[in-house]
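Can you build the whole structure from these sequences, using the hints too?
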Amino acid sequence: GAVVSQHPSWVICKSGTSVKIECRSLDFQATTMFWYRQFPKQSLMLMATSNEGSKATYEQGVEKDKFLINHASLTLSTLTVTSAHPEDSSFYICSASFWRGKETQYFGPGTRLLVL
Amino acid sequence: EDQVTQSPEALRLQEGESSSLNCSYTVSGLRGLFWYRQDPGKGPEFLFTLYSAGEEKEKERLKATLTKKESFLHITAPKPEDSATYLCAVPPTDSWGKFQFGAGTQVVVTP
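Taken in order, these protein sequences are the chains called L and C. Under the numbering used here, the first residue of the first sequence carries the number 365, and numbering increases by one thereafter. Under the numbering used here, the first residue of the second sequence carries the number 1199, and numbering increases by one thereafter.
What the hints contain is simulated information worked out from the structure, not anything from laboratory work. Treat the hints with care, as some may be off.
Claimed, not checked - Just the calculated beta-carbon pair ranges, DEER-fashion:
1. C/1239 to L/391: 15 to 25 Å
2. C/1238 to L/430: 40 to 50 Å
3. L/421 to C/1201: 19 to 29 Å
4. C/1239 to L/381: 17 to 27 Å
5. C/1208 to L/432: 42 to 52 Å
6. C/1274 to L/381: 47 to 57 Å
7. L/438 to C/1212: 27 to 37 Å
8. C/1240 to L/425: 24 to 34 Å
9. C/1292 to L/425: 35 to 45 Å
What the hints assert, rightly or not - As a list, the in silico DSSO-like pairs of lysine-lysine whose alpha-carbon atoms are at most 27 Å apart:
10. L/466 to C/1277
11. L/405 to C/1277
12. C/1257 to L/419
13. C/1255 to L/466
14. C/1296 to C/1255
For each residue, glycine too, the CB sits at the ideal point set by N, CA and C.
The structure is reproduced here in structure tokens:
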């Protein structure tokens, strides 16, 4: 199956700092990647859709200046949480769109962010 | 509006006690229904895609079926390692990609 990696898996940072999370599709090219946020015991909440070579599309209520997304290549998308605050602490998961006739989304293992 | 509803929210099973999870959807023109398994602290793991009513897919103790309004995930003779949250998702009518996820069913299998 298609493999998606995320780095780092865990990050602790001080309030006010910025944190970058990488999402890579390891064995396929993904023109589209997605970023989700998940709170404890809740389902996935889509934050934004990232397309290679173009600006990301953000869901309603997601601050694009706080959550910067860059999809620099067909295998890499990054999410930067700028000026992080404790309320940004969450589990961030990316997925990559894999096409073989029809589409399937494969997910990364997630990144746990804790802002102190 | 496209909606995906999963039931029950939680399911506690004895090892070997078979059961079924439900995913009902209101998306018109279904282009695929996806099942994922998510373990605590991990990203969802792809299980199955079903495309048309009557389709069935199996993987070990899991079997997914699809009708025009809902999908079932049957767990046969579950083992403790089947404990996880099971999510279903559908792409919206007007585009691929932005999957609409159900809230999930948390399954706990006790020895």
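**Prompt:** Taking each numbered hint in turn, which are not upheld by the structure, reported in ascending numerical order?
**Reply:** 2, 5, 7, 9, 10, 12
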